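> Spelled out from the first residue to the last, the chains are:
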Amino acid sequence: MNVNVPKRELTGTFVAKLAGYLRALRNLGAAQSRIDGSRPLLTAAEFQEELAVLGLSGRRFEPEDYSDALGEYLNISITVHVIPDSWYPELSRLLAISGRLGELRYSEQFNMAAIFVPGSLPPLVLTLAILHELGHLAAGDLLIEPDEQADEDTRDSEETTFETLPLKKGKKLARGCPFARESLREREANLRASYALFAGCLGDDNPHAYDMYDVL
Amino acid sequence: MSAAQHQALVLGGVSFVAFIVFLCFLVPSRRTRFSVFAACNLLFVALMFGAVGLIDLAGGRAEIMVAVMTELPVVLIVAWVCLALGGGLPSRHGTLPAEPVVRRPWLRAMLGSAPLVLLLSLGLATVVGLVWPSPAMRVYAPAPPQFFVLKGLIMVPEGLYSSVAAVVFVMAGRAPGLKRRFYFKNLAFSVGMVCIAAIALESTVFAGLRVWFSGGDRRALLEVLNTVEACLAISCILAFTAGLSLRYTPAVATTLLHRLQTGWLHAQEQFESLEWQAVSSGAADRLMHTSNAVVEACRIRDLSQSDTQKALATIRLVAVMRDPSSEAQHIIPDAARKLYELQQEILCDDVLASKISWAAGWRSRAHEPQTVKSAPLHDALKAALDLVDNHGESEGPRTPPLWYYIVAASAADTNMIDPTHVSMQLRDGPEHRAAVEAYDAAKRALRALEGDN
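Line order of the protein sequences matches chains A and B. Every number in the working numbering is 1 more than the matching position in the first sequence, counting from 1. Every number in the working numbering is 861 more than the matching position in the second sequence, counting from 1.
Hint data in this document are derived by calculation from the structure and do not stem from the laboratory. If you're wondering where the values come from, they're calculated on a predicted model, not measured in any experiment. Do not take every clue at face value.
Derived contacts from chain A toward chain B, CB cut-off under 10 Å, selection only [as the list claims (entries may be wrong)]:
1) 38
2) 72
3) 88
4) 127
5) 129
6) 191
7) 207
8) 210
9) 215
10) 216
Coverage of chain B stretches by chain A, computed from C-beta distances (three or more under 8 Å per stretch; other residues unrestricted) [said to hold, decoys possible]:
11) 988–996
12) 1102–1113
By construction, the Cβ of each residue, glycine as well, lies at the ideal position given by its N, Cα and C atoms.
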């Protein structure tokens, strides 16, 4: 994933900060961050809460519906480009060599995100690759300041909570802040993708969908 | 026996009967945290009222303490319900808020504040009562204004939070497309909370009458209110019992879903993506020509698109399994067998097998979505294992389809597998010969095409 951050003029800094504070105030609760600096990985139940915010809980939906709802909620334009191999034969090869299945580009300036995936991916992998990149948008992984990204360390990954980072301005769907470690951000994007696939397939047969109507 | 003792015995009796019902019927059949909590609360209430009924308290701060203790279980129930609705109950896996609360952060914050506000109010009421004692347990005795303050401090927040919870339950029950059982369940809880709110209102009015009403009908009016309170308490317990007894069992169990998410989906995604990487990065070099020949042979034999896809997927799998230098070094027969078994497990569950599907392309509704059964990988895994795994239990399909023969001919021709093994397995029958002929013709056609280019 790549983030294009616009260069701001010094005069605009104060206004931008003020706008950021106002936006944060407006989003209070909807994207309420845990500011304790650590949290566990996303659970299926927490993902269901995100789906409820998007109005997709208990409904069957396609990745397109998830993308549209997420874009509407985040107020950004999300486009998915499935590139046929005949257009750019090298794309699949380059992505495959680098061990990636897709690419997410985000422009803060134009308020838009673009996902690029090769058309030669098997259908299930294509679906999961798109949902994975959408998961990064939902988590707010793109709102991390570039210099705040923590180095990968070798701590035991079995620990229950992991360090998170504060965010710059912007809106996210997840309640928790993004993880400091990139490997965990990737892992959580994978989790979101698998939760989304099953939730979309099962609709009202998803056992988590009814937890919100059976709280006692 | 004084009127207060009589009233306490009635409420204690109701609570005890409710506790027995919870213990014998609800808790064993549906052991939620709330049902256990409610049962403990009912026992506590029964004991408290029983003690009050048996011991004739008169004046002093002891009356205040007993009055506050009898209110505590109800306050705790309201706080628990509000926390549960707001998703604030502590849990290892996190608890979900009620659906109407998810999109209303202010409502969530309000419900989350319930325990703090309610317990603070109760504490404040206790302080007021201890500083200015009043005949709290003598039900029909005139009371000073501070008694109204004491009651108001407890009842106003309790009534407010109960009303909010009742409204949230109604909103949750009215969600479109919700199963009928959940509608009635939420309705029952809503009725229970309305009863608690009504009891709070009735208690406040009762306290006001004791303080300011001194007419001849005072006693009769207070008795009527006491009866109303007992009826409301019974209705509340019945409503909660009904709500808790309405159960719903989802078609797909949570544990099974978790196993599929972490097991099957992870395995299939990793398998397919590694295979794609191996093929796309050119790690399995010899595959390109072979797969083209297989596709052409399928075309010559006029096979369907679905069979051609299966043949293509199989030859790819055989190629990457037989190429230890490729990036798909994790694609080994053992992993393939494990994935196949997971797929079989899904296919044994009709609901899951029919529901788990994924689109064949982005914004492409023209093609049927793929399922575990219809995706080429399922048959390809079996076929590839039959061809590659000489030591496995499998002895190949009993009546292999033509695409299987074409793949076998291709894999043997390119030495991906031992040709003698193929001849033995397929017994060199007419289908095998037809497949070999088609494959040879396909190779010739491709060579001619390359020559022309």
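> Hint validation: residue 191 (chain A) versus chain B, beta carbon distance must be below 10 Å. Holds or violated?
With Cβ-Cβ at 8 Å, under 10 Å, it holds.
> For the hint on residue 216 (chain A), does the least C-beta distance to chain B fall short of 10 Å?
holds (5 Å)
> Are there three or more residues in the region 1102–1113 of chain B whose C-beta lies within less than 8 Å of some C-beta in chain A?
holds (count 6)
> Double-check residue 38 (chain A) for me: the hint is only fine if its C-beta lies closer than 10 Å to a C-beta in chain B.
violated (18 Å)
> Hint residue 210 (chain A) vs chain B: min CB-CB distance below 10 Å?
This interface hint holds because 8 Å falls under the 10 Å limit.
> May I ask you to test the interface hint for residue 72 (chain A) with respect to chain B, counting a Cβ-Cβ separation under 10 Å as satisfied?
violated (14 Å)
> Hint residue 129 (chain A) vs chain B: min CB-CB distance below 10 Å?
Hint holds; residue 129 (chain A) Cβ to chain B Cβ min 5 Å, cut 10 Å.
> Against chain B, is residue 215 (chain A) within 10 Å by beta-carbon distance?
holds (7 Å)
> At least three residues with a C-beta closer than 8 Å to a C-beta of chain A: is that true for the region 988–996 of chain B?
violated (count 0)
> When the nearest CB of chain B is found for residue 88 (chain A), is that gap smaller than 10 Å?
violated (14 Å)
> Hint validation: residue 127 (chain A) versus chain B, beta carbon distance must be below 10 Å. Holds or violated?
Where the cut-off is 10 Å and the nearest Cβ of chain B is about 7 Å from residue 127 (chain A), the hint holds.
> Hold the hint about residue 207 (chain A) up to the distance rule: shortest CB distance to chain B must be less than 10 Å.
Interface hint status for residue 207 (chain A): holds (7 Å vs cutoff 10 Å).
Violated hints for the displayed structure, listed by number in ascending order: 1, 2, 3 and 11.
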